[in-house]
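Those protein sequence lines, which keep their order, are chains A and B.
Just so we're aligned: 47 in the UniProt record's numbering is position 47 of the first sequence, and the numbers increase by one with no gaps anywhere.
Just so we're aligned: 149 in the UniProt record's numbering is position 149 of the second sequence, and the numbers increase by one with no gaps anywhere.
Fair warning: there could be bad hints in the mix.
Straight-line C-alpha distance at most 20 Å; calculated EDC-like pairs for lysine to aspartate or glutamate [stated by the list, open to error]:
no.	chain 1	residue 1	chain 2	residue 2
1	B	K693	B	D321
2	A	K665	B	D338
3	B	K435	B	E554
4	B	K310	B	E219
5	B	K214	A	D321
6	B	K664	A	E364
7	A	K214	B	D681
8	A	K664	B	D338
9	B	K185	B	E548
10	B	K214	A	D681
11	A	K44	A	D545
12	A	K214	B	E219
13	A	K664	B	E364
14	B	K665	A	E207
15	B	K298	B	E309
16	A	K214	B	E72
17	B	K640	B	E114
18	A	K665	B	D229
19	B	K304	B	E294
20	B	K665	A	D338
21	B	K267	B	E290
22	A	K304	A	E219
23	B	K214	A	E219
24	B	K298	B	D229
Restraint ranges, calculated between C-beta atoms of paired labels, are given here [to be verified]:
no.	chain 1	residue 1	chain 2	residue 2	range
25	B	P650	A	I653	32 to 40 Å
26	A	I653	B	T296	52 to 60 Å
27	B	I649	A	M688	52 to 60 Å
28	A	E219	B	Q169	29 to 37 Å
29	B	I649	A	I653	31 to 39 Å
30	B	Y154	A	E300	19 to 27 Å
Just so you know, the hints here were simulated from the structure itself, not pulled from any lab data.
Treat the numbers as computed from the prediction; the structure is a model and nothing was measured.
Quick reminder that beta carbons are idealized off the backbone N, C-alpha and C, glycines included.
Read off the chains here:
There are 2 protein chains.
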Amino acid sequence: MDFSSFITSLATSFMIFVILMILFAWLSTKPGNAVVYYPNRIVKGMDPWEGGRSKTRNPFAWIREAMSSSEEDIIAMSGVDSAVFFVFLSTVFGIFVLSGVVLLPLLLPLAMSEHDAGILDSTGKNAFRDLDKLSMAHINERSARLWAFLASCYWVSFVSYFLLWRAYQHVSNLRAAALKSPEVKPEQFAILVRDIPSSSEGYSRNEQVDTYFKSMYPETYYKSMVVTDNKEVNKIYEELVACKKKVRRAEIIYSDSKKGPNPQGVKPTHRLGFLGLLGKKVDTIDYCNERIRELTPKLEAAQKETLREKQLASALVFFNDRTTASAAGQCVHAQMVDTWTVMNAPESRQLLWTNLSKTYYAREIRQYVVYFIVFLTICFYMIPIGLVSALTTLANLEKLAPFLKPVVERAAIKTVLEAYLPQIALIVFLALLPKFLLFLSKAEGIPSESHAVRAASGKYFYFSVLNVFIGVTIGGTLFDSLKEIQKNPNSLVQKLASSLPGNATFFLTFVALKFFVGYGLELSRIVPLIIFHLKRKYLCKTEGDVKEAWLPGELGYATKVPTDLLIFTIVICYSVIAPLIIPFGAIYFGLGWLVFRNQMLKVYVPKYESYGKMWPHMHVRILGALILFQITMVGYFTIKKFYYSALIIPLPILSFLFAFVCRKKFYPFFHTTAIEVASHDLKETPNMDLIYKSFIPWSLNPDKLDDERLGDGPSYDLRPALDAYAQTQDV
Amino acid sequence: MDFSSFITSLATSFMIFVILMILFAWLSTKPGNAVVYYPNRIVKGMDPWEGGRSKTRNPFAWIREAMSSSEEDIIAMSGVDSAVFFVFLSTVFGIFVLSGVVLLPLLLPLAMSEHDAGILDSTGKNAFRDLDKLSMAHINERSARLWAFLASCYWVSFVSYFLLWRAYQHVSNLRAAALKSPEVKPEQFAILVRDIPSSSEGYSRNEQVDTYFKSMYPETYYKSMVVTDNKEVNKIYEELVACKKKVRRAEIIYSDSKKGPNPQGVKPTHRLGFLGLLGKKVDTIDYCNERIRELTPKLEAAQKETLREKQLASALVFFNDRTTASAAGQCVHAQMVDTWTVMNAPESRQLLWTNLSKTYYAREIRQYVVYFIVFLTICFYMIPIGLVSALTTLANLEKLAPFLKPVVERAAIKTVLEAYLPQIALIVFLALLPKFLLFLSKAEGIPSESHAVRAASGKYFYFSVLNVFIGVTIGGTLFDSLKEIQKNPNSLVQKLASSLPGNATFFLTFVALKFFVGYGLELSRIVPLIIFHLKRKYLCKTEGDVKEAWLPGELGYATKVPTDLLIFTIVICYSVIAPLIIPFGAIYFGLGWLVFRNQMLKVYVPKYESYGKMWPHMHVRILGALILFQITMVGYFTIKKFYYSALIIPLPILSFLFAFVCRKKFYPFFHTTAIEVASHDLKETPNMDLIYKSFIPWSLNPDKLDDERLGDGPSYDLRPALDAYAQTQDV
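With these hints in hand, go ahead and build the complete structure from the sequences.
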């Protein structure tokens, strides 16, 4: 890529960004869009335009608001997890700014002023043009200028260690502050017990758990809740809720129709068969009311039966003191350690109920099976895509779906389809991959949603780095490279190092595109805006429907974090080879900080709180990227035939040491709750009954079967809506 | 080795064994030897000849007694650790008996009846003679008879899994029973806290620890004992004790001398200089009494100063409830996990006080440094021995130690010395090795004696297996082999497999020698008997001296366990290749069980109790030996060009799985005390003051500075004597 096309690409991206910004400034002031641009505020019961809205409002006011918001504001609006995400963004931003301040003025002049290396390209011309002259590739072999590049590696590494250390300490303090807060948090009073052995004495599970824990914690034990097999009761419950929603919606349609030309109105009807398309036609209101009458006693019977007969081998155990609960969640309780395994309970809203009763060895085996599947997916993902493309040639498509024939036969469409079918398969695969990885992570038997998201995020990160970064750099898929590496295990580093400089401009453009277009779309929320308005116009009937249409959910760490980590990996690996990439990395994370500050304060509604457990996960991967950078540099210095390239070898060793110390010093507190933190005083004596009830699943709670669940009326109470959402996701 | 020389060697060993047995039967009935043959009973205040002693006593009565003793007897006399050692012996015995019952009648006829393989040795004769015909080496390549050998591998493996599983369960129950006993055990009420951060608020360490734990355990916290730097106070204390002993001894000598020709007696004197050989001559009684008068106030002052000024960053923390103590020893207490690290306290008598205050990172670094030194020792131990031999040639010896010249110059001695100097260096090295490894293990910063012994035992095992077994088999030291293996990593298994059959007879004789001569010496206690009688005659003056002369101490697991494990490794590796070794292995462990049953009941006085923590250590190494066997067999079947040799590959994988499951199921309870075990009721309310005092080191306890420590009078109270012993070892 030469200089002019690079500038063109940059300018185009920037133009798109500017347009989206203008759109955002214009759209976000419209009152009808408030639920799209300020849902988090609305959910929290606040005024969307807190800062004051007027026609003359400064379109850049959001920047001022984002800049002036403090960490406490973020924690109040969006929780500790969001605050930790900003620590991540600002740490990485800091690494790039501090690196750039030294590396740009030092390395760029050195590279530019080097006498031509005299390397010719295939056309016989000098291989270096414009941008390439600014990179380390332009330095001659064995040049003394390489010392500056070597020193730069050290600078980048030490800046990273310093900032990561401070960040880990800061996050640890954030977590501690949240956990020692005097507010009563139900999950701090509970532990999750799994692998309860089958009782020989004819006890019920409940009695067994009570006896067991009461003998150990006679004074602080409160009660236990045995996990049950809720499949059947959930089914009835879901149907009941669906019926209630249908009645409500049908009543509104009916009363609306009375206002029309027919004053008696038209009673809405629907069909009972497949997807409401086939089968008998019935009057919706009558039919559903009838079903509700049938289902209500059935649900009660099923609830009772489930509680009595379908107890599984795991339970939530409650203590009336959070110090004891925290200690109990960390201790070995049973002599045989594969029974009565304990852990601190996650929040009730993020419990994955169906995973709770999986036994110890089932979890272990599932984990290894999932790792193996992920390994296959990462290495050989091109194979299924290839197969799909082969199967879905146009000829096959016509055979399988004859009704598509008239469309497909048109010449223009045919050409496009023929050219793009494999690409479409790839795009579909990449779009579905995060969901697939989340599904796999849940299949491991992980008990909480946030943990599953972390596991999925880790898997996605490995996929991105191995296939996008290393794949693009080396060329071809990882599978091809693997075959070569098998022959000579050391060749990967060599090959990676030698291919890096050639791809610098590509990744430069890649990063710029990511932030201009990505952040533009993120901030302006064009897609959710259109979807919301379409839904409201054509689908939503009740207030609940409308709320469901705009409720934005959470940020989606499972894809956001690995994407950001991929950008970090790319920029850090190029930081010394092509220092020009550093400002782009800095802008990516700086602008990201600003945009997401706005989004977190005003848009996203987090589904759960893990108190910063994401940080160790990010920390390790940042360090992994740093080590990849250091090893690549060892390879690249060797290619440059620099005699002192061995001097970089201490760097990866230092990184491992740093990781080891951080793991030992900080990590265990993220795995569990330290006693010194849990033993802080509470504001009030906890109401144990409320705490207990907050863990009862919706489908088993007779009290909760009211209208609250249906989102009726302008109630902005967060918990029920989120719980309902989480519940449907989990079952 | 041919058949006749094998028989000769066996017969000789057996003769020695018979002679030693007769000696034992004769000597053990003499009353003067009771303290040598029954010290454990005497220490426990029991009658040495409980079963009744008479001139007509059956010389095999000890066998009956050993056979009829139950596990409870062993635990009562010698503790859980000894019982666990017998579980180890009987498990391994069981593995060999069950293997032998199937393998001997199956494989020996198959091997013997095979047509000659027609392999010729270097002299052109048939390479197979007598014993060799009974081994797998005699089976032709690709023979169908190899199927039986393959099946045998599976049989041996499954027998091992089955017995190991039962043994682990049994040991776990033994441990649980001991830990849940209603007796008050001081160490169950204490935790060891290390890495206490330096306090900023001008608190003393004591106040700091008290404040910290009181806030977390307001009701169950009792008191803390901050570890102090006792170097100086120990020095004064040791001198004071030595002076007291000297006075006592001198008084006896003085009063004895009055009975002699001179009725006024001779006052004993000694010199003050180097080793009592040089310097001023003084009257011992007067001088020592003077020193005692000087030292007593000095000790008191030093004690006060130590307690006030020399507090270190670790402490013992006491709770008045063992459930809380057990839980507190397992939990993460601090937000920064490299501070306030906790563990369940070991017994006071096995605390390594100087290690307690080592900081977290110091411990980690020391550990890796020690591992590295051990690695060097194992691989390159021939180098220092070679150097020593080279330096200590006779010529050098004469130069360095001229006074030896007249001795060395004699022809006979000269020849012997010249021939054996390198061997002597090797023997000295091997004799010192266990002590060196124990020293290294203590240098790791391990807080308890039993843990250090386990660590040393592990290191010694690796040394034995790598150098004795693999070294002898392959020939030459490990270092030579390493050079070859570096060239082709797969060659080790091949080489080991091909060299095994040739050494079968050597190891057969080795095992037989070990049990006949080893157990004969062990049971007859000839060496301790002679040393005791010599000491009593020439050195011992006071009762305390006599007791010190016979007090046998403990078995010495640090060398006994790795030696037994080495024998197990050898026998299991040969079990299928040369099944004739199995009966020898069975006799080794069966006879060992019998002999040590006697020794444990009557002789050895254990220094400490770790409640079976040695078992996981032995279990893992037994499994390691099994995996070595399985991998060797893979190699050997390949050499035999057996097409189905791949069928053994599942075996090592199975072993790893088995190890994994055992680790998950059983191990954590051996690492710590499960709450369900600790929460059992106690017989009485614990006397916390006594518990606290039992942890005060001798040199710091003003109450304990009485005559008890000097072993005066026929007091068989175990604890003080042992404590004193442990104390001098640790400091």
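Here's how the hints hold up against the structure:
With a CA separation close to 17 Å, the supplied pair K693(B) and D321(B) stays within the 20 Å bound. Pair hint K665(A) plus D338(B) holds up; C-alpha atoms about 5 Å apart against a cutoff of 20 Å. Taking the CA atoms of K435(B) and E554(B), the gap is about 15 Å. The hint holds against a cut of 20 Å. Of the supplied pair hints, the one linking K310(B) and E219(B) is violated, its CA atoms being roughly 29 Å apart against a limit of 20 Å.
As the CA atoms of K214(B) and D321(A) are separated by approximately 16 Å, the hinted pair is consistent with the 20 Å bound. A hinted pair counts as satisfied when its Cα atoms are at most 20 Å apart, and K664(B) with E364(A) qualifies at roughly 10 Å. With a C-alpha separation of about 13 Å, the suggested pair K214(A) and D681(B) falls inside the 20 Å cut-off, and the hint holds. With a C-alpha separation of about 7 Å, the suggested pairing of K664(A) with D338(B) holds against the 20 Å cut-off.
A C-alpha spacing of about 27 Å is found between K185(B) and E548(B), which places the hinted pair above 20 Å, so the restraint is violated. Our distance criterion of 20 Å between C-alpha atoms is met by K214(B) and D681(A), whose separation comes to about 13 Å. Our distance criterion of 20 Å between C-alpha atoms is met by K44(A) and D545(A), whose separation comes to about 19 Å. Restraint check for K214(A) and E219(B): satisfied, since their Cα atoms lie roughly 18 Å apart, inside the 20 Å limit.
Using a Cα cut-off of 20 Å, the hinted pair K664(A) and E364(B) holds, with the two alpha carbons roughly 10 Å apart. Note on K665(B) and E207(A): the hinted pairing is violated, with a Cα-Cα distance of about 25 Å set against a maximum of 20 Å. Of the supplied pair hints, the one linking K298(B) and E309(B) holds, its CA atoms being roughly 16 Å apart against a limit of 20 Å. With a CA separation close to 31 Å, the supplied pair K214(A) and E72(B) exceeds the 20 Å bound.
Note on K640(B) and E114(B): the hinted pairing holds, with a Cα-Cα distance of about 14 Å set against a maximum of 20 Å. Between K665(A) and D229(B), the direct Cα distance comes to roughly 26 Å. Violation of the 20 Å bound is thereby established for this hinted pair. Straight-line distance between C-alpha atoms of K304(B) and E294(B) comes to about 16 Å, which keeps the hinted pair within the 20 Å bound. Restraint check for K665(B) and D338(A): satisfied, since their Cα atoms lie roughly 5 Å apart, inside the 20 Å limit.
For the given pair, K267(B) sits about 16 Å from E290(B) by alpha-carbon distance, which is consistent with the 20 Å threshold. Using a Cα cut-off of 20 Å, the hinted pair K304(A) and E219(A) is violated, with the two alpha carbons roughly 30 Å apart. Under the criterion of a C-alpha separation no larger than 20 Å, the hint pairing K214(B) with E219(A) is consistent with the structure, at around 18 Å. The hinted pair formed by K298(B) and D229(B) meets the criterion: a straight-line CA distance of about 17 Å does not exceed 20 Å.
The hinted window of 32 to 40 Å between P650(B) and I653(A) holds, with their beta carbons roughly 38 Å apart. At about 55 Å, the CB distance of I653(A) to T296(B) agrees with the hint of 52 to 60 Å. As the Cβ distance of I649(B) to M688(A) is approximately 56 Å, the hint placing it in 52 to 60 Å holds. Between E219(A) and Q169(B) the beta carbon distance is about 33 Å. The supplied range of 29 to 37 Å therefore holds.
Checked against the hint of 31 to 39 Å, the C-beta distance between I649(B) and I653(A) comes to roughly 36 Å, which is consistent with it. For Y154(B) and E300(A), the hinted distance range of 19 to 27 Å is not satisfied, since their beta carbons lie about 57 Å from each other.
When the structure is compared with the earlier hints, violations turn up for hints 4, 9, 14, 16, 18, 22, 30 and for no others.
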